Structure formats: C-alpha cells, structure tokens
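Could you put the whole structure together from the sequences, leaning on the hints where they help?
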Amino acid sequence: INNTEYKSFLKWINNSLQITAFYDDGCPNCIRFKNFINKLDWFQLVDFLPIRNEVLSSRYQFIDKSLALREMATISNLSKVKYGFDSILNILKAIPIFIPILPFMYFFKFTQIGKFLYKKVAKSRTIFSLSCEDKCLLKN
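The sequence shown begins at 3 in our numbering and counts up one residue at a time.
Treat the hints as calculated values from the structure; they're not laboratory data.
Keep in mind that this is a model prediction, so the values were computed, not measured.
There's no promise every hint is true.
DEER-style ranges, computed between Cβ atoms [claimed, not checked]:
1) Thr6 x Phe109: 39 to 45 Å
2) Asn40 x Tyr8: 22 to 28 Å
3) Lys122 x Ser10: 43 to 49 Å
4) Thr6 x Arg72: 43 to 49 Å
5) Phe45 x Lys67: 26 to 32 Å
6) Ile103 x Asn37: 18 to 24 Å
7) Thr113 x Lys9: 39 to 45 Å
8) Leu58 x Asn4: 38 to 44 Å
9) Asn4 x Lys111: 39 to 45 Å
10) Ser78 x Arg54: 18 to 24 Å
11) Ile103 x Val57: 33 to 39 Å
Computed list of lysine-lysine pairs in DSBU-like fashion (alpha-carbon distance at most 30 Å, straight line) [what the hints assert, rightly or not]:
12) Lys111 x Lys67
13) Lys125 x Lys82
14) Lys122 x Lys95
15) Lys84 x Lys111
16) Lys117 x Lys82
17) Lys111 x Lys82
18) Lys122 x Lys67
19) Lys67 x Lys125
20) Lys111 x Lys125
21) Lys82 x Lys67
22) Lys84 x Lys122
23) Lys41 x Lys125
24) Lys95 x Lys84
25) Lys121 x Lys111
26) Lys67 x Lys95
27) Lys13 x Lys84
28) Lys122 x Lys82
29) Lys95 x Lys82
30) Lys125 x Lys84
31) Lys67 x Lys84
32) Lys41 x Lys95
33) Lys82 x Lys9
34) Lys121 x Lys41
All C-beta atoms in this analysis are idealised placements derived from N, C-alpha and C, irrespective of residue type, glycine included.
Right, dumping it as structure tokens:
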C-alpha cells in the first residue's frame with residue numbers, strides 16, 4: 003500500500019464515521035457533555051453545532067428543532083438523523099476510547115433502559131434562555 007492509497011483510506015474512514023451533533027447551547031449539561039467529548043475525540047469525528055443558532059437551523063431543515071431542543075440530535079454522513087439515547091450511542095461509537103463500553107450501551111438500547119434514563123435526565127435539566135452579545139456567561 004502506497005502513501006496515496008493510505009491517505010485515501012484514512013479520508014474514507016473519516017468521512018464514513020463523521021458525525022454532526024446538535025446540542026442545546028442553553029443547557030449547561032449539554033455544554034459539559036460537548037466539552038467532555040471534544041477532549042476525547044482525538045480523530046475529530048464529532049462536530050458539535052448549537053441547535054439554537056438560526057443560521058444552522060435553516061441549513062439543517064430536516065432536523066426536528068423542537069425535538070432536538072429536548073433530545074440531542076445527530077446526523078451521520080449516511081444522512082440518518084438520530085435523537086436522544088441513539089445520538090449518545092452514535093457519538094460514543096465514533097470515539098475509540100468508548101469501544102469497551104459499547105456492549106453495555108447496546109444492552110441499554112435494546113432493553114430501553116438507555117432511552118428511559120436519557121429522557122429522565124433530559125426532562126430534569128436546567129435551561130438558560132439568554133442572549134449573549136459581547137460576553138457570555140456560558141462558555142461553549
């Protein structure tokens with residue numbers, strides 16, 4: 003395998019695993035989760051975008067914004083939109099350090115425990131609806 007083939011292979015892997023995640027930028031828990039994942043995403047396969055950004059919302063019209071404000075949304079390059087626990091699972095699958103816990107995550111998915119726990123946490127979260135102009139108290 004030569005260098006060009008190797009680079010093509012890496013580009014194909016990167017494109018096939020790339021995920022865009024839409025998070026609620028008015029939610030401190032969501033921001034903490036995004037920051038945590040960004041630290042562990044060594045291959046930069048997860049791109050986080052704030053769902054409250056109107057420009058992004060118009061670009062991604064196929065995202066159900068009202069649902070995405072309640073549950074994190076992800077879209078893969080295969081154009082499959084996922085919400086809630088399925089989004090968390092999508093994100094974790096893209097980050098190699100989480101591979102050992104994926105069997106447990108799939109167990110939670112198939113037993114619906116993950117969906118139940120996700121919705122319970124999502125309903126109890128704190129939301130800040132503020133407008134940041136020059137300085138913002140919430141750091142993304």
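Now the hints, each set against the structure:
no. : hint                       : verdict
1   : Thr6 x Phe109: 39 to 45 Å  : holds, 42 Å
2   : Asn40 x Tyr8: 22 to 28 Å   : holds, 27 Å
3   : Lys122 x Ser10: 43 to 49 Å : holds, 44 Å
4   : Thr6 x Arg72: 43 to 49 Å   : holds, 46 Å
5   : Phe45 x Lys67: 26 to 32 Å  : holds, 29 Å
6   : Ile103 x Asn37: 18 to 24 Å : holds, 19 Å
7   : Thr113 x Lys9: 39 to 45 Å  : holds, 42 Å
8   : Leu58 x Asn4: 38 to 44 Å   : holds, 39 Å
9   : Asn4 x Lys111: 39 to 45 Å  : holds, 40 Å
10  : Ser78 x Arg54: 18 to 24 Å  : holds, 22 Å
11  : Ile103 x Val57: 33 to 39 Å : holds, 35 Å
12  : Lys111 x Lys67             : holds, 23 Å
13  : Lys125 x Lys82             : holds, 24 Å
14  : Lys122 x Lys95             : holds, 22 Å
15  : Lys84 x Lys111             : holds, 13 Å
16  : Lys117 x Lys82             : holds, 18 Å
17  : Lys111 x Lys82             : holds, 17 Å
18  : Lys122 x Lys67             : holds, 20 Å
19  : Lys67 x Lys125             : holds, 16 Å
20  : Lys111 x Lys125            : holds, 19 Å
21  : Lys82 x Lys67              : holds, 15 Å
22  : Lys84 x Lys122             : holds, 18 Å
23  : Lys41 x Lys125             : holds, 26 Å
24  : Lys95 x Lys84              : holds, 13 Å
25  : Lys121 x Lys111            : holds, 13 Å
26  : Lys67 x Lys95              : holds, 24 Å
27  : Lys13 x Lys84              : holds, 24 Å
28  : Lys122 x Lys82             : holds, 24 Å
29  : Lys95 x Lys82              : holds, 15 Å
30  : Lys125 x Lys84             : holds, 18 Å
31  : Lys67 x Lys84              : holds, 12 Å
32  : Lys41 x Lys95              : holds, 15 Å
33  : Lys82 x Lys9               : holds, 26 Å
34  : Lys121 x Lys41             : holds, 25 Å
Comparing the model with each earlier hint shows no violations; every hint is respected.
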